[in-house]
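Take these sequences, add in the hints, and give me the full structure.
If you read the protein sequences in the order shown, they are chains A and B. Per the working numbering, the very first residue in the first sequence carries number 1; after that it's consecutive. Per the working numbering, the very first residue in the second sequence carries number 314; after that it's consecutive.
One thing to keep in mind: the hints can contain errors.
Stated by the list, open to error - When the alpha-carbon atoms are kept at most 27 Å apart in a straight line, the in silico BS3-like pairs for lysine-lysine are as follows:
#1 K440(B) <-> K317(B)
#2 K479(B) <-> K32(A)
#3 K313(A) <-> K479(B)
Source of the hints: derived by calculation from the structure; they are not laboratory data.
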Amino acid sequence: MNKKLVLVTSVLALSLAAFVILTGCEPKQETKGKVVIASKIDTEGALLGSMIVQLLDHHGYEAVDKTEFGTTEVMRKAIRAEEIDIYPEYTGNVAFFHNDADNPVWKDPQEAYARAVELDEEAYDLRWLQPAPANNTWAIAVRQDLAEQNSLFTLADLAEYVNNGGNLKLACSEEFASRQGALPSFEEAYNFKLEKDQLLILSGGNTATTERAAAEQTDGVNAAMAYGTDGALAALGLVVLEDNRNVQHVYQPAPLVRGEVLDKYPEIETILNPVFGTLDLKTLQSLNSRLAVHGEAASDVAQEYLQENGLLK
Amino acid sequence: MRFKIFTGLCAVCTFLLPLFTVKPNRIQTGSAVWVFELPPGYWAAAVILIFLIAFIVFSRRHTDILFLLFSLAFMTLLLAILHYLQGHLYMWDAQEYGRISFSGGFWIALLTIYLLLSWAYRNTRHKQLLLPIAILLMTAGVFLFILVGSFEHTAILLEYQNRSQKFLMELLNHINLSLAAVGTATVIGVPAGIWAARSQKYRILVFKTVNGIQTIPSLALFGLMIAPLALLSQQFPVLRSLGIAGIGTAPALIALTLYSLLPIIRNTFTGIYYIETQIISAAHGMGMNRAQTFRYIELPLSTPMILTGIRMSLVQCIGNTAVAALIGAGGLGTFIFQGLGQSVPDLILLGVIPVILLSILFDRLFHLAEHWATPRGVRLAWGN
Chain A
1 MNKKLVLVTS
11 VLALSLAAFV
21 ILTGCEPKQE
31 TKGKVVIASK
41 IDTEGALLGS
51 MIVQLLDHHG
61 YEAVDKTEFG
71 TTEVMRKAIR
81 AEEIDIYPEY
91 TGNVAFFHND
101 ADNPVWKDPQ
111 EAYARAVELD
121 EEAYDLRWLQ
131 PAPANNTWAI
141 AVRQDLAEQN
151 SLFTLADLAE
161 YVNNGGNLKL
171 ACSEEFASRQ
181 GALPSFEEAY
191 NFKLEKDQLL
201 ILSGGNTATT
211 ERAAAEQTDG
221 VNAAMAYGTD
231 GALAALGLVV
241 LEDNRNVQHV
251 YQPAPLVRGE
261 VLDKYPEIET
271 ILNPVFGTLD
281 LKTLQSLNSR
291 LAVHGEAASD
301 VAQEYLQENG
311 LLK
Chain B
314 MRFKIFTGLC
324 AVCTFLLPLF
334 TVKPNRIQTG
344 SAVWVFELPP
354 GYWAAAVILI
364 FLIAFIVFSR
374 RHTDILFLLF
384 SLAFMTLLLA
394 ILHYLQGHLY
404 MWDAQEYGRI
414 SFSGGFWIAL
424 LTIYLLLSWA
434 YRNTRHKQLL
444 LPIAILLMTA
454 GVFLFILVGS
464 FEHTAILLEY
474 QNRSQKFLME
484 LLNHINLSLA
494 AVGTATVIGV
504 PAGIWAARSQ
514 KYRILVFKTV
524 NGIQTIPSLA
534 LFGLMIAPLA
544 LLSQQFPVLR
554 SLGIAGIGTA
564 PALIALTLYS
574 LLPIIRNTFT
584 GIYYIETQII
594 SAAHGMGMNR
604 AQTFRYIELP
614 LSTPMILTGI
624 RMSLVQCIGN
634 TAVAALIGAG
644 GLGTFIFQGL
654 GQSVPDLILL
664 GVIPVILLSI
674 LFDRLFHLAE
684 HWATPRGVRL
694 AWGN
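This is the structure we're talking about:
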């Protein structure tokens, strides 16, 4: 009878062995070399990651697709542990990786990029390629009807509206409400103050949930924390208020590559730079909205865009 | 009787709640669809169906065929409504990117169908026949509606289509991870359980350890793996070349294995320790030595119990593996966390539903294995 137990155990053990073998030896093909591409677990990550995968694949690399892999922290650990070779990161984030958040350079696109390049290369030999001319920073979006009725275009307009007793309720995450770089810095720079009952704090909330709350006026919410390049804004009838005093860090997306990999395949830079150069704010918003709102596949949207722009045959 | 009334109540609730939600695009909440908003034919069919079900609920006749027919009629009505919605999305302000999600009424309808079927199964004289026929007819029905395009705008399928390749990969990944973890846990756990049954001293040690592990929340255990493993792989390049690193498969596999230990060790221990002493004495009396007693008496008698432990581990592990997506190990959890991040419930369901189905599937498979591994004598003694 114990033969049966042995059999069951050996089936399980075999599946373990098969698993190790399958993950360990992938079939080798004739390519220029293997590059592991990852991206963050959001729609923009899916889009940019998919573009990089398709371009490198097109140029004869074995592009291992690990897009939509994990959070910023996981990405950062993975690239430092040499588990991934390349992923799209945002320049402004580097301030927090290196405890440099108070430095004013992060508020200027060029200076922020230069600082990111300097810090990451020195500390971890990570190289930044050309960034997209789009700023995916923290922002405040309000309902279109509210903006039109009260002619709100900038955060200064919003501050005036709030200070004159205008009705505003903002949906945001705990982090947005309390982190020094976010809402408090807006309040300080534009000289307004949102009381507790003017905030709807969704703990662990992301911009998808806060924007939805504003669009549906959940609990009287008419404004939401947002990111500059969010694709859902237009579909939900929200407009982003301009940060005309440049309070926020600049978050430009750019491919981040391990130095070792870039030295080995310097061609990567010339392949990816033209693409990121074309991705301005409007383009990213509309591509993101096709993913987030229409639910199109990231790979289709990426492929179509690259082909339209003659970057992929 | 209570069972029948519950079934009837479920049937009524199906139509009291919104059946579907029509969304204009992927992120807007959309509008709920009640059956009474549909053309008269649909809600008339629903009302008639409820009356018929109410009638058999209160009648004393138990006809299996009737219940089977009702469950099929119920399913057909549901699919017909879905098909109607496909063609009339504009009535709920949805156009090209419109999509249909399942709502409360739909899920209760599934429960109703299940209850009607199980009632039919209970009262039939043809147990071998009924289930295959029901499954065949239902699958045929669903396929028919797929062929005429009833599912084209179903939100969960649209999410699936966007990532069909990734879905297959993550599904296999999920199964692999779970099986590998439980496999490793079996290799460690069964000897540990036997060992615990033999010695009082080790028993305390073993159970203190595995009980302790079980109290660590799964997310924390995954997190705890990252630092030491990253350090190890940096120190020893050999490990790194084997794919062992702070994130990814290695920490997930270790954490899942640790979680899977308790049920296996506990059941192996119970299976061996609680064999009646008379049986062991009888074996010794027949002249068996310790090894023979173990091989011919203890192991066969405890095998069903051990397999139960492995089954419990596996079902638990399939659920836990979903969390592994957070440390980059992949699996179906990927879709759950993507859906949470984008606040798209249909994408969350694309991860959740297969996890549930996998758990049920492996649970059933192991039930069969347990039945098959139970010695005939024991089976007779238990009366099944």
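If you check each hint against the structure, which ones fail?
Those not satisfied: there are none.
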